[in-house]
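2 protein chains.
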Amino acid sequence: MAQQFVIGVDLGGTHMRAALASTDGRLHARDRTASGRDIEPAEMTRKLVDQCRSLMESAHGHGGGVAAVGMGVPGSIDRNAGLIMHSPNLPKLNNYALAETISKALQVPVHMENDANVFGLGEGWEGSGKGIRNWVGLTLGTGVGGCLLFDHKLWHGDDLGYAGEIGHMPVQPEGPVCACGKMGCLETLASGSALVRGVKEAWKSGRPMTPALQQAVKEEVLSPLEVFRAAQAGDELAVGLFTIMGRALGLALAGLFSALGIRTAIIGGGVSAALLGAARVALDALANRR
Amino acid sequence: MAQQFVIGVDLGGTHMRAALASTDGRLHARDRTASGRDIEPAEMTRKLVDQCRSLMESAHGHGGGVAAVGMGVPGSIDRNAGLIMHSPNLPKLNNYALAETISKALQVPVHMENDANVFGLGEGWEGSGKGIRNWVGLTLGTGVGGCLLFDHKLWHGDDLGYAGEIGHMPVQPEGPVCACGKMGCLETLASGSALVRGVKEAWKSGRPMTPALQQAVKEEVLSPLEVFRAAQAGDELAVGLFTIMGRALGLALAGLFSALGIRTAIIGGGVSAALLGAARVALDALANRR
Numbered sequence: 000m001a002q003q004f005v006i007g008v009d010l011g012g013t014h015m016r017a018a019l020a021s022t023d024g025r026l027h028a029r030d031r032t033a034s035g036r037d038i039e040p041a042e043m044t045r046k047l048v049d050q051c052r053s054l055m056e057s058a059h060g061h062g063g064g065v066a067a068v069g070m071g072v073p074g075s076i077d078r079n080a081g082l083i084m085h086s087p088n089l090p091k092l093n094n095y096a097l098a099e100t101i102s103k104a105l106q107v108p109v110h111m112e113n114d115a116n117v118f119g120l121g122e123g124w125e126g127s128g129k130g131i132r133n134w135v136g137l138t139l140g141t142g143v144g145g146c147l148l149f150d151h152k153l154w155h156g157d158d159l160g161y162a163g164e165i166g167h168m169p170v171q172p173e174g175p176v177c178a179c180g181k182m183g184c185l186e187t188l189a190s191g192s193a194l195v196r197g198v199k200e201a202w203k204s205g206r207p208m209t210p211a212l213q214q215a216v217k218e219e220v221l222s223p224l225e226v227f228r229a230a231q232a233g234d235e236l237a238v239g240l241f242t243i244m245g246r247a248l249g250l251a252l253a254g255l256f257s258a259l260g261i262r263t264a265i266i267g268g269g270v271s272a273a274l275l276g277a278a279r280v281a282l283d284a285l286a287n288r289r
Numbered sequence: 000m001a002q003q004f005v006i007g008v009d010l011g012g013t014h015m016r017a018a019l020a021s022t023d024g025r026l027h028a029r030d031r032t033a034s035g036r037d038i039e040p041a042e043m044t045r046k047l048v049d050q051c052r053s054l055m056e057s058a059h060g061h062g063g064g065v066a067a068v069g070m071g072v073p074g075s076i077d078r079n080a081g082l083i084m085h086s087p088n089l090p091k092l093n094n095y096a097l098a099e100t101i102s103k104a105l106q107v108p109v110h111m112e113n114d115a116n117v118f119g120l121g122e123g124w125e126g127s128g129k130g131i132r133n134w135v136g137l138t139l140g141t142g143v144g145g146c147l148l149f150d151h152k153l154w155h156g157d158d159l160g161y162a163g164e165i166g167h168m169p170v171q172p173e174g175p176v177c178a179c180g181k182m183g184c185l186e187t188l189a190s191g192s193a194l195v196r197g198v199k200e201a202w203k204s205g206r207p208m209t210p211a212l213q214q215a216v217k218e219e220v221l222s223p224l225e226v227f228r229a230a231q232a233g234d235e236l237a238v239g240l241f242t243i244m245g246r247a248l249g250l251a252l253a254g255l256f257s258a259l260g261i262r263t264a265i266i267g268g269g270v271s272a273a274l275l276g277a278a279r280v281a282l283d284a285l286a287n288r289r
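One line per chain: the protein sequences are A and B, in this order.
Those letters in the first sequence? Residues 0 to 289, per numbering that gives the first Met the number 0, in order.
Those letters in the second sequence? Residues 0 to 289, per numbering that gives the first Met the number 0, in order.
So here's chain A without its partners, still in its complex pose (with noise of 0.2 Å):
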């Protein structure tokens, strides 16, 4: 019988990552190209069908075939209509039924879901998840995904779209105004956007700051990363921000901890590593361990 292969895709707001694995989890192939949130869903159909298209003759050339699909979307999912509901990154895509226009194209079945949920389907597979039985996922990046895992399986909920939106549970209700319209939600604080604004905002009222920070201010090219950095060099600001996102952070995990009585989470995401050591002090002191 000839080797099964899958292929998955993390569609962004600025790129579009796929790989090929066979059914065990290896990887075979991978392929990266530029995503953009002004694309139209025709033309970014085309530029994920065309990927995919590749990585299928990639299976060929390893003598098998693709049996399936799986995308991560950022944003709220119909996982049953394959249908993208609401992406704030991807905005033309709204209402499109992309995984069924993938799929009719392709002529093999294409399963999508939140791209926090695809983390936690992942890490729980073969990841940081494996053999925990219920757990809660976090992706830190320039916004805060979220998923559940219930008895080794991704929480639904209602099957309202957005399960495990955990970035905009309320965490300082009088705070900064969240992408979603709401306050103080967990992602005006525990983001990579809040790390940005953070800095931007103690430069207009002059802050003291690194050099550096100030620099990549003035140019419009701060990241993340260099508020990361600054706070490693000790920068009062930046570690004050971090403190912050920690807390932010611990808070909500708490609060999860305490109402859904379970005790682990799984932090992934490119903010995420900077983030954990702040966390853990808030959850310590506010988590329900009795």
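Read the hints as simulated data drawn from the structure, not as lab findings.
Incorrect hints may have been included.
Here are the computed lysine to any residue pairs in the SDA-like style, where the Cα-Cα straight-line distance is at most 20 Å [claimed, not checked]:
hint	chain 1	residue 1	chain 2	residue 2
1	A	Lys152	B	Asp158
2	A	Lys152	B	Pro175
3	B	Lys152	A	Asp150
4	A	Lys91	A	Ile38
5	A	Lys152	B	Met55
6	A	Lys152	B	Pro108
7	A	Lys152	B	Arg132
8	A	Lys203	A	Gly180
Knowing the structure of chain A, use the given hints to seat chain B on it.
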């Protein structure tokens, strides 16, 4: 075949209430007797066994037998061992195998659960939660109890004995110190105790309030009901306390609704009716509705 009955017991810090029900949920007899936080385990067991035996006689009078006893107890419960792990309201029973002891005395199975979880089972079986797949339950009384019903079943998390402790979600990080030792738990703002504490603190600092409240504080008989009556009469202090409570409740529920992707909360307990109006306003402003 003889009719089958079950006994339900609600063991609280001031009273133990018991009822005899047929297995279709109809009530046939009730009993209520005094409890007390300082009663020793052996005496508490004797009182509970007496209460159950009296209802077992009623069952015989109805031409049937008692198949099992179900007990709700405030605190964290090891339901498999039939053991009370930690009960702030019944501290003498900490680490006492209450259910197991009663079961041996009565020679019927005795199932023990956290009292808010029992509220969840009851509302899910024949109450407001009937037919609703996923919901959050809250019991507002002296404290705040909580439960989670997922897929029509009571959620136990990692079986740590405290799943559903929504009252200990942090909602105001610098808020009042909770009985559990943490700060700003929902219970410190949204419980009967919080109402009473709020009025007492206002009285000490000389804030104006109704003569009825003043008198109740002086005579040390202030109850949540008095505060509710003052709020109904438009007293600014009392209305303010209910607003704080409603907002805290809305915050906790908004966080859970966003994280869990669900949209149903069922609220019971003595203090609940007065709180709902204020809570709904906060929830509308804060919950993830996209």
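Structure-based check of all given hints:
1. A:Lys152 / B:Asp158: 17 Å, holds
2. A:Lys152 / B:Pro175: 37 Å, violated
3. B:Lys152 / A:Asp150: Measuring from Cα to Cα gives roughly 13 Å; hence the hint holds.
4. A:Lys91 / A:Ile38: Status holds; Cα separation ~7 Å.
5. A:Lys152 / B:Met55: 43 Å, violated
6. A:Lys152 / B:Pro108: It is violated: about 32 Å lies between the C-alpha atoms, which goes past 20 Å.
7. A:Lys152 / B:Arg132: 17 Å, holds
8. A:Lys203 / A:Gly180: At roughly 24 Å apart (the allowed maximum being 20 Å), Gly180 (chain A) and Lys203 (chain A) break the hint.
Violated hints, in rising order: 2, 5, 6 and 8; the structure is consistent with all others.
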